[in-house]
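Chemist: This is what each chain is made of:
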Amino acid sequence: MLSFIGRSIIQKIVTLFFVSVVSFLIIHLAPGKPSQIDPLNPKFTPEILERFRQEFHLDKPLYVQYLLFYKGLFTGETVSWKDNQSVLKKIWERFLNSLPLFIVGTILTWTLSFPVGIRSAIFRGGFYDRSATFISYLLISVPGFFVAYILIILVVTQLHVPVFGMETFGLQMASWPTKLMDRVWHLLLPSVLGATGGIAVLSRYVRSQMLEVEGQDYVRTAKAKGLPPDQVHYKHALRNALLPFVTMFGLILPGLIGGSVIIESIFAWPGMGRMAYEAILARDYPVILTVNFISAVLVLAGTFVSDLLYLVVDPRIRL
Amino acid sequence: METPLLSVQDLRVNFIGDNTVARAVDGVSFDIFPGETVCLVGESGCGKTVSALTILGLVPMPPGKVMGGKILFEGSNLLEQGEEEMQKIRGNRIAMVFQEPLTSLNPVFTIGDQIEEAIKVHEDIEPEILRQRSIQILKDVGIPSAETRLRDYPHQLSGGQRQRVLIAMALSCCPDLVIADEPTTALDVTIQAQILSLFESLQKNWSMSALYITHDLGVVANIADRVYVMYAGSIAEQGNTLQIFNEPRHPYTQGLLASLPSRSKRGKRLHSIPGAVPNPAHKPRGCPFHPRCQFTVESCRSRFPEVCDYGKGHLSRCPVLYEKQE
Numbered sequence: 001m002l003s004f005i006g007r008s009i010i011q012k013i014v015t016l017f018f019v020s021v022v023s024f025l026i027i028h029l030a031p032g033k034p035s036q037i038d039p040l041n042p043k044f045t046p047e048i049l050e051r052f053r054q055e056f057h058l059d060k061p062l063y064v065q066y067l068l069f070y071k072g073l074f075t076g077e078t079v080s081w082k083d084n085q086s087v088l089k090k091i092w093e094r095f096l097n098s099l100p101l102f103i104v105g106t107i108l109t110w111t112l113s114f115p116v117g118i119r120s121a122i123f124r125g126g127f128y129d130r131s132a133t134f135i136s137y138l139l140i141s142v143p144g145f146f147v148a149y150i151l152i153i154l155v156v157t158q159l160h161v162p163v164f165g166m167e168t169f170g171l172q173m174a175s176w177p178t179k180l181m182d183r184v185w186h187l188l189l190p191s192v193l194g195a196t197g198g199i200a201v202l203s204r205y206v207r208s209q210m211l212e213v214e215g216q217d218y219v220r221t222a223k224a225k226g227l228p229p230d231q232v233h234y235k236h237a238l239r240n241a242l243l244p245f246v247t248m249f250g251l252i253l254p255g256l257i258g259g260s261v262i263i264e265s266i267f268a269w270p271g272m273g274r275m276a277y278e279a280i281l282a283r284d285y286p287v288i289l290t291v292n293f294i295s296a297v298l299v300l301a302g303t304f305v306s307d308l309l310y311l312v313v314d315p316r317i318r319l
Numbered sequence: 320m321e322t323p324l325l326s327v328q329d330l331r332v333n334f335i336g337d338n339t340v341a342r343a344v345d346g347v348s349f350d351i352f353p354g355e356t357v358c359l360v361g362e363s364g365c366g367k368t369v370s371a372l373t374i375l376g377l378v379p380m381p382p383g384k385v386m387g388g389k390i391l392f393e394g395s396n397l398l399e400q401g402e403e404e405m406q407k408i409r410g411n412r413i414a415m416v417f418q419e420p421l422t423s424l425n426p427v428f429t430i431g432d433q434i435e436e437a438i439k440v441h442e443d444i445e446p447e448i449l450r451q452r453s454i455q456i457l458k459d460v461g462i463p464s465a466e467t468r469l470r471d472y473p474h475q476l477s478g479g480q481r482q483r484v485l486i487a488m489a490l491s492c493c494p495d496l497v498i499a500d501e502p503t504t505a506l507d508v509t510i511q512a513q514i515l516s517l518f519e520s521l522q523k524n525w526s527m528s529a530l531y532i533t534h535d536l537g538v539v540a541n542i543a544d545r546v547y548v549m550y551a552g553s554i555a556e557q558g559n560t561l562q563i564f565n566e567p568r569h570p571y572t573q574g575l576l577a578s579l580p581s582r583s584k585r586g587k588r589l590h591s592i593p594g595a596v597p598n599p600a601h602k603p604r605g606c607p608f609h610p611r612c613q614f615t616v617e618s619c620r621s622r623f624p625e626v627c628d629y630g631k632g633h634l635s636r637c638p639v640l641y642e643k644q645e
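Those sequence lines, one after another, are chains Y and W.
Residue numbering for the first sequence is 1 to 319, as defined by my numbering.
Residue numbering for the second sequence is 320 to 645, as defined by my numbering.
None of these hints come from the bench; they were simulated from the model.
Check the hints yourself; a few may be wrong.
Claimed, not checked - Below, in silico cross-link-like pairs of lysine-lysine (DSBU-like), each with a Cα-Cα straight-line distance of 35 Å or less: (1) LYS384/W <-> LYS458/W; (2) LYS82/Y <-> LYS71/Y; (3) LYS439/W <-> LYS407/W; (4) LYS235/Y <-> LYS439/W; (5) LYS235/Y <-> LYS384/W; (6) LYS235/Y <-> LYS458/W; (7) LYS631/W <-> LYS602/W; (8) LYS602/W <-> LYS587/W; (9) LYS235/Y <-> LYS389/W; (10) LYS584/W <-> LYS235/Y; (11) LYS643/W <-> LYS584/W; (12) LYS89/Y <-> LYS71/Y; (13) LYS384/W <-> LYS407/W; (14) LYS439/W <-> LYS458/W; (15) LYS82/Y <-> LYS12/Y.
Let's have the full structure, built from the sequences with the hints guiding it.
Modeler: Listed below in structure tokens is the structure:
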């Protein structure tokens with residue numbers, strides 16, 4: 001057990017090193033340079049460009065740049081090239097903005113997909129299953145931004161609820177229940193929209209997984225014992241059907257930092273996804289690389305957590 | 320004459336596909352009397368398992384569909400029982416041991432859980448007594464150190480032990496009838512013999528009736544009181560074990576017996592019945608066996624054969640051999 005944890009951590013550190021090298025190289029290989037972002041801007045004289053290159057070590061060999069960058073990252077000194085702010089601080093602020101969206105979206109996705117998928121599987125071929133299948137494929141095939149605009153029109157015209165941004169401007173003086181409700185209303189639409197795609201896909205997975213398990217011999221054994229259908233489905237079948245989702249559950253962690261560029265852009269939500277997107281446009285290497293590095297850490301941490309969870313839920317796995 | 324415990328009468332089960340209808344069970348009738356061991360013999364795909372599953376209402380529907388017939392258990396028709404009545408019968412009055420011990424136990428629950436659950440669902444029982452009974456039944460099926468084994472998961476047991484656990488589970492409520500669907504097929508030969516004798520002794524000790532489904536005539540000779548030979552969804556021949564083995568009256572039974580390896584046939588090529596079991600969706604007209612039969616006459620191709628009575632419960636569906644006999 002302890003040796004598994006030790007081995008796994010060492011493996012993940014090695015992986016992380018390679019990720020850092022490869023992502024660093026890819027960013028530097030990509031066309032465009034930070035110094036050429038705005039060549040027509042008269043303020044960017046050759047002298048200033050040269051100073052800029054020196055200041056950010058862009059004139060040094062790549063491996064020196066690599067070492068300098070990751071030294072900066074671990075000492076927390078990295079700054080954004082765009083506005084000279086600390087990268088970690090920038091990310092943290094955006095992270096706090098994205099967090100409520102992520103939490104509500106994830107909870108909605110995981111609590112709704114399972115009942116929908118399980119019910120579809122149990123009543124396979126019935127009216128419920130057919131409608132759920134139809135709606136899922138509809139939501140999967142219609143682009144998210146399109147659904148978003150329809151929902152925005154509906155919500156704004158019918159319910160008169162604010163939808164853009166994180167809060168309504170000018171409410172700073174209002175009482176806290178008003179402010180709270182305002183935040184909740186703002187949160188509602190983007191998180192529901194963020195969840196719909198997830199629900200559509202995940203409920204399909206749940207359904208097919210559940211169907212596969214329902215066909216297993218041990219489910220028939222359970223029925224042959226005379227167990228009522230609830231116990232057959234929700235104890236014997238479901239427990240086995242859930243196993244593969246442990247892996248998926250471990251992989252939702254990276255969603256914490258990825259955010260959703262499209263949803264955040266539509267709703268003018270100042271979150272992580274938009275920040276990363278803007279950093280890419282601005283060739284703001286430190287921000288891009290830091291976001292990349294943190295999400296790599298989260299992916300590895302997620303797989304580690306799901307490995308440990310498997311130990312708990314699947315008795316066949318022993319270390 | 321005593322009344323049968325279970326009487327299956329002209330049972331018909333179809334599997335309905337997109338554009339095919341497979342008549343898996345096509346007019347099967349058999350009786351099981353109290354305390355008796357009845358064997359249902361036949362090649363793979365002849366409808367043995369489907370017949371057994373239908374008794375307990377375990378055939379997935381759809382695609383399965385019962386087209387007709389009766390399954391009388393102590394006089395009441397199981398096909399007309401509601402789901403809740405069937406739950407009281409499954410495991411409690413009629414239990415089943417399955418073919419695949421490796422996949423028939425749930426991998427994520429301990430065997431103790433799975434045995435106790437089988438008892439708990441039918442009986443109101445104190446946890447402590449429940450535990451004692453599970454331990455006792457595991458001992459009865461010959462699992463050593465049963466107390467600690469209860470906490471094991473299925474993957475920690477060998478194939479033979481898992482089959483013992485499945486038998487323990489089936490017998491845990493002392494059912495009147497046990498249906499065993501090829502319980503030894505997936506096991507080593509040495510283990511097969513152990514499981515078979517265990518099954519037989521438990522069944523006799525607890526005076527249960529058994530329906531034993533197999534394709535292994537060696538097993539049949541060992542344990543059966545009466546035998547039903549099944550071919551392509553219907554019963555080809557029935558009789559007591561001696562009748563079937565000594566005076567087989569159906570070409571199919573004769574073929575099966577001729578294909579048995581034995582010491583007298585040492586060094587010779589084993590007999591085999593030419594051809595294969597017909598696809599249940601495309602059965603030949605007339606006698607389903609006629610394409611593979613050496614006695615085929617014109618009427619075999621057009622008419623489903625009548626039952627011919629040889630007396631003392633020995634029946635066969637081959638009028639051709641019956642006429643030759645006379």
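Chemist: Regarding the pair LYS384/W and LYS458/W, is the alpha-carbon distance no greater than 35 Å?
Modeler: violated, 40 Å
Chemist: For LYS602/W and LYS587/W, compute the direct alpha-carbon distance and say whether it is at most 35 Å.
Modeler: Roughly 33 Å separates the two Cα atoms, so the pair holds.
Chemist: Would you mind confirming whether the straight-line C-alpha gap from LYS384/W to LYS407/W stays at or under 35 Å?
Modeler: It holds: about 22 Å lies between the C-alpha atoms, which stays within 35 Å.
Chemist: Can you confirm whether the C-alpha distance between LYS235/Y and LYS439/W stays at or below 35 Å?
Modeler: holds, 15 Å
Chemist: Quick one, are LYS584/W and LYS235/Y close enough, alpha carbons at most 35 Å?
Modeler: Measuring from Cα to Cα gives roughly 53 Å; hence the hint is violated.
Chemist: For the pair we were handed, LYS439/W and LYS458/W, check the Cα-Cα distance against 35 Å.
Modeler: holds, 19 Å
Chemist: Take the C-alpha atoms of LYS82/Y and LYS12/Y, compute the straight-line distance between them, and say whether it is at most 35 Å.
Modeler: holds, 32 Å
Chemist: Is it true that the CA of LYS82/Y sits at most 35 Å from the CA of LYS71/Y?
Modeler: Distance ~20 Å between LYS82/Y and LYS71/Y Cα, so the pair holds.
Chemist: Would you check the hint for LYS235/Y and LYS389/W, treating anything up to 35 Å between C-alpha atoms as holding?
Modeler: holds, 32 Å
Chemist: Is LYS631/W close enough to LYS602/W, meaning Cα to Cα at most 35 Å?
Modeler: Holds - the C-alpha atoms of LYS602/W and LYS631/W are around 31 Å apart, at most 35 Å.
Chemist: With the threshold set at 35 Å, check whether the alpha-carbon distance from LYS643/W to LYS584/W stays at or below it.
Modeler: holds, 27 Å
Chemist: Quick one, are LYS439/W and LYS407/W close enough, alpha carbons at most 35 Å?
Modeler: Within the cut-off at roughly 12 Å; holds.
Comparing the model with each earlier hint shows violations of hints 1 and 10; every other hint is respected.
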